[in-house]
Amino acid sequence: MGESVTLNLKVRKHALHRKRLRASQITHSLCAVTRRSRLSAVSGGIGDLGGDLLLTSVFIAAVSLALFWMAAFTLWWQMHAWRTPEVLASTRFSRPDGAEQVSFSLLLPARHEQAVLDHTIQRLLESTHTDFEIIVIVGHDDPETTAVAERAAARDPRVRVVVDTHEKKNKPKAMNTALPHCRGAVVGVFDAEDQVHPELLAHVDHAFRTTGADVVQGGVQLINFHSSWYSLRNCLEYFFWFRSRLHLHAQKGFIPLGGNTVFVRTDVLREADGWDPNCLAEDCDLGVRLSSVGKKVVVAYDSDMVTREETPGSLMSLLKQRTRWNQGFLQVYRKQDWRQLPGLGQRLLARYTLMTPFLQAFSGVIIPLNAAIALFLDVPVGIAFLTFLPLVTAAVTFVFEVVGLHDFGKQYGLRVRLTHYVKLVVGGPFYQVLLAGAAVRAVWREQRGRNDWELTTHVGAHLAAAETIREDVPA
Amino acid sequence: MTSTLPAVTTSTVPAQRRPAPEVRSADRTPPPARLRSSRLDLLLCGALLAAILVVQGWNISAYPTLSDDEGTYLAQAWAVQQGKGLAHYTYWYDHPPLGWLQLALLTWIPSALDPGAMTVGTMRLAMLLISAVSAVLVYVLGRRLSLPRWAAGLAMALFGLSPLSVVLQREIFLDNIAVMWLLLAFCLAASPSRHLWHHFGAGLAAAAGVLTKETMLVVLPALLVTMWRHSHRDTRKFALTGAVTACALAGFSYPLFALLKGELLPGSGHVSLWDGVTYQMTRPGSGFILDRGTGSYGVLQSWLYYDRVLPLGGLVGALLLLATWRWSVTARALAGPALTVAILAALALRPNGYLPAMYVIQALPFLALVLAAGTASAAHAVLRRWRAEGERRLVTGGRYALAAVLAVAAGAYVVPRWYDGDRTAVTADANAPYRAAATWLGSEVENPGDTRVLVDDALWLDLVHAGYRPGLGAIWFYKADLDPAVTKTMPHGWRDLDYVVASPTVRRDAVDLPNVKAAIEHSAPVATFGTGPDRIEIRRIQQAAVGGAR
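Chains U and P, in that order, give the protein sequences. Quick note: the first sequence uses the working numbering, first residue 1, plus one each step. Quick note: the second sequence uses the working numbering, first residue 1, plus one each step.
It cannot be assumed that every hint is accurate.
In the DSS-like style, the derived pairs of lysine-lysine whose C-alpha atoms are separated by at most 27 Å in a straight line are [as the list claims (entries may be wrong)]: (1) LYS410/U to LYS320/U; (2) LYS410/U to LYS423/U; (3) LYS237/P to LYS410/U; (4) LYS237/P to LYS423/U; (5) LYS296/U to LYS320/U.
These are calculated hints, taken from the structure and not from any lab test.
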């Protein structure tokens, strides 16, 4: 976006020089008049503009303003937690009082994860909370993982194993299999590679009791920002999402939940028939369904208490992961559960949030188009001004991201170097390309139709499911 | 229904401003969370506003004397309204155009209803709105900086009723509009809710101020200090970078505008932002302000002629506050305004800087605030300091007596002087000669559409309304020498003109303008209004051979 606009600028400048020369040749009267502000041509002399140019100008103005408002709203929401010190304080867990009343069933779906599973179970067992069970869900075709799980169950009575016998496996199906076996009052979900803080359950217990919540969503944070340029941006995305934006969603009463560190009252979950086994973003879907029927969702983020994860190992797997989420969002959008939301504002927020992949694809296509039109056609200065508006919001976003990275480093005691800031800024446009690519890919896959949907489930289900669980860190 | 977790406990969000209520004495009423819902504040502010509006509004078009600059800005606002661009002559980046764009907006409806009303005298009424907003903002800022109610009221009164303020705020100066934006920025920076977007808005308002009058740039550090003090440790980095970014990005729109027009850098055949800035930065100095006989000294004296209390008292107050920074709660709360005054004073004391008469305008609200804060500090010292629980009633009575004596003494010094100054402002008629000249030119000249007149900017719009051609018929006098677009139409110099309206400004500047000087020399007065150095002569060019390039 930035480059095209600067380029655009140079060309326009040349055009202006040409124009001025022409003008000075023709002019008979005041040169003041010929050199008058071209702003006035917009306000005073729209009639002077050719019909086509007028149409183009209106088009460019409309697109620029639309992009501007989209970016402005996104920015506004992204910065939600830092609005006031009070809001920031309210995003944290409140300190537990020592009492424990809630019992937990912690679901741990694991697939070909024998390497990390045992460590995760051990760490979960170190929780300070006294009343919980761990249900490890393994596939009937995955003996290695099953063996690890069985050994853990033999060592500690709090660990149980549930075997999922579905032909085509995915995460929602696995969790639905385990749901009837849950004895706790609250079901919690973790991934097999998660590092969970020992005091998390006590905090969640306290949150359930003091707020009367039906759902508590804890923070999830990618930590390995130094691994690559895209992991830096990926980490920061998580930071802004869990640290800030998700709280806004909770406050507004419409929330796409995260894939783990999420806790739901068991009766509420059963009432909702568990997870949607056909949705690619079952976590988001659950959140939308629950908040649409008025269930109370509470979000809390504490840098000590977050579940730490790692970014996808390669750019390609990041792209695939993002494509899946986007497609999942679109599916949730088309399921239309969000239409039950009582408030117009809530429905608009739902529409906008779930459409974000569409809008990203749209802006991915429209920004170059807009720039190209402004580049090749000489538009008035006032309109040219408008084409800079999306750039302005982009600049503000960049600045806040830099500050966010600084804050991220402070919160997690990580050393953020100058090169990281540079990577953050320079990588920005490329990451945008990646996001736009994933969005276009998702839209394309979704548009290829429902018939195709059946086909994909039939063909690559096993592989897709395995991949799904490996890279599953949904927001 | 969903919601976020309730706030932890208020104790984890410590009030950032260190002076917590306990530190302050009982008479420092902490400002209410919403000033709007405090009846007493509304009453006090409303009453003061009414008084200010009466004093500033009454007789506004007749006093003070119309200034050339007022005419310039209003004429450019008129040009904007007429769709003639940013000015009816070539816009040459003398100032950023936002100021008269706002003027154009403000006067849009009245001038649409009655085009003839677009003259300097009448449109001074628009400035009344600016003054009103600024005065209210001074009150709000005072309260947000933890001044007690009476002191905030005092600041508002000082700001709105000082004869110096009355004279300067009545005039259509860009500085007045810029000051309003700066005050808004300070108010937002000191927002009690410490909201991120309030700070962002403060940055935007500051940019609007700078784009209205570029001299506001120097006040920005003080604004930043205010913001720093009023933001919370946990959100400060977002708030401050947000504000700076907003200000910078909005400010860049001006060079961007020049760039889009191809006028950023100098080149042959066109004006440029670079040239405009260079001109402003290299204006010849007017001498050291304390050297008797220099231009700057004269400007200072002209301020002190109207009022000594606000400029000198405010200056002393600011120095006092800065000196007592370590001990005084009030001094820390008022750091922003005090720093503003200090910066402006330091700039005015440059050995050979250029000091325009309106320079003091940007200092007025801050002088008023620090003077009021100094008064509040003094009152506190007299009434509360070293006061033990069981202080003897006699001593307490003595404190109040002393306070009363001081208040009466201050009143006795200030009130008569201000009464005289403000009475002049609401009764004197300094502009009768201008009005008479405008009437004469509108009725006695037979064919205004074919007549070329050199006139100063203040009268220019009157002539345009009377039917003279804007630009080449009614000519800003100095354009006859300085604007190639105008001189080109005067191949025979003064012979191509019909009249020159020799107002004090024209006579003063003619010394350096050969064409104007020649026109005055080759003309004779046909009508004279007023007497002495303030008189306005309408002089007809004596050469009969009129023709030239009409």
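Each hint tested on the structure:
no., hint, verdict
1, LYS410/U to LYS320/U, "violated, 31 Å"
2, LYS410/U to LYS423/U, "holds, 18 Å"
3, LYS237/P to LYS410/U, "holds, 12 Å"
4, LYS237/P to LYS423/U, "holds, 20 Å"
5, LYS296/U to LYS320/U, "violated, 32 Å"
Hint violations for this structure: numbers 1, 5, all remaining hints satisfied.
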